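Peer 1: Protein chains in written order, with the numbering used here: chain A, 1122 to 1236; chain B, 39 to 149.
Don't read these hints as lab results, they were simulated from the structure. Quick caveat, the model's predicted, so the values are computed rather than measured. Watch out, some of these pointers could steer you wrong.
Dumping the calculated PhoX-like pairs for lysine-lysine here, alpha-carbon to alpha-carbon at most 25 angstroms [to be verified]:
1) A:Lys1162 with B:Lys148
2) B:Lys60 with B:Lys95
3) B:Lys96 with B:Lys106
4) B:Lys109 with B:Lys80
5) B:Lys60 with A:Lys1162
6) A:Lys1185 with A:Lys1135
7) B:Lys60 with B:Lys106
8) B:Lys80 with A:Lys1135
9) A:Lys1176 with A:Lys1141
10) B:Lys96 with B:Lys109
11) A:Lys1141 with B:Lys80
12) A:Lys1187 with A:Lys1176
13) A:Lys1162 with B:Lys96
14) B:Lys80 with A:Lys1162
15) A:Lys1141 with A:Lys1185
16) B:Lys60 with B:Lys148
17) A:Lys1176 with A:Lys1135
18) B:Lys144 with B:Lys80
Covered stretches of chain A, going by a simulated chain B footprint (3 or more residues, C-beta under 8 angstroms) [what the hints assert, rightly or not]:
19) 1164-1177
20) 1228-1236
From the three backbone atoms N, C-alpha and C, an ideal C-beta is built for every residue, glycine too.
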Amino acid sequence: GAVVSQHPSRVICKSGTSVKIECRSLDFQATTMFWYRQFPKQSLMLMATSNEGSKATYEQGVEKDKFLINHASLTLSTLTVTSAHPEDSSFYICSAEQGAGNEQFFGPGTRLTVL
Amino acid sequence: GENVEQHPSTLSVQEGDSAVIKCTYSDSASNYFPWYKQELGKGPQLIIDIRSNVGEKKDQRIAVTLNKTAKHFSLHITETQPEDSAVYFCAANLANYQLIWGAGTKLIIKP
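From just these sequences and the hints, can you work out the full model?
Peer 2: Spelled out as structure tokens, the structure:
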């Protein structure tokens, strides 16, 4: 149980294009999903907390107009990187919280490369 | 702000020996402490967690201990195997359900 999927696993795009990443909880309902980015050899950096049916809460320094988050259902959250630039290249990982017990289960991550 | 410190940053042990990774946290209200294992190019995988109402939890070769007074918790891996090689992260929860993460420990198991 507690499986989280992410799609796509890898994406390469040109500078200026937008990229959408999907995060799905496959066997449970997740009222809260989290989006992280991770640079090589570094820890996870929380970008935003997403609750189903409401606006995401962004961490300080994360541009909400650039990283659009939609959490339309209890099993799906999407992150759209708008007008991507090379500095947005990173490993993006989502997690879903199963209940209010704080256990977060992570997706496999999406490697974004912006040329 | 609140933080979690993790040591060491790199740990190299001989196959079959034990490995210990330590974390300290600052928020006295934290009551949930998970450990994640991350292999290269993959998302973190929850391997064990502990809540503040217990001092130790064990799952086969993995154990976690918690000292709430000192605000530190540790991951213990016994009889290490090559597949244990990965980066391990500790975390502690905040009141808003977010997790504060340690910097990670790269565990290398030498054959």
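Peer 1: All hints, please: hold or fail.
Peer 2: Structure-based check of each hint:
1. A:Lys1162 with B:Lys148: holds, 20 angstroms
2. B:Lys60 with B:Lys95: holds, 15 angstroms
3. B:Lys96 with B:Lys106: holds, 18 angstroms
4. B:Lys109 with B:Lys80: violated, 30 angstroms
5. B:Lys60 with A:Lys1162: Given pair Lys60 of chain B, Lys1162 of chain A holds - Cα atoms ~19 angstroms apart, limit 25 angstroms.
6. A:Lys1185 with A:Lys1135: Holds, at roughly 21 angstroms.
7. B:Lys60 with B:Lys106: holds, 13 angstroms
8. B:Lys80 with A:Lys1135: holds, 24 angstroms
9. A:Lys1176 with A:Lys1141: holds, 17 angstroms
10. B:Lys96 with B:Lys109: holds, 19 angstroms
11. A:Lys1141 with B:Lys80: Judged against 25 angstroms, a Cα distance of about 19 angstroms means the pair holds.
12. A:Lys1187 with A:Lys1176: Satisfied, since the Cα-Cα distance of roughly 15 angstroms is no more than 25 angstroms.
13. A:Lys1162 with B:Lys96: violated, 28 angstroms
14. B:Lys80 with A:Lys1162: holds, 13 angstroms
15. A:Lys1141 with A:Lys1185: holds, 14 angstroms
16. B:Lys60 with B:Lys148: holds, 20 angstroms
17. A:Lys1176 with A:Lys1135: Roughly 28 angstroms separates the two Cα atoms, so the pair is violated.
18. B:Lys144 with B:Lys80: Within the cut-off at roughly 14 angstroms; holds.
19. 1164-1177: Since three or more residues must qualify, the claim that chain B covers the segment 1164-1177 of chain A holds, with 4 doing so at under 8 angstroms.
20. 1228-1236: That given contact holds, which follows from 4 residues of the segment 1228-1236 of chain A lying within Cβ reach (below 8 angstroms) of chain B.
Checked against the numbered hints given earlier, the structure breaks hints 4, 13 and 17 and satisfies all the rest.
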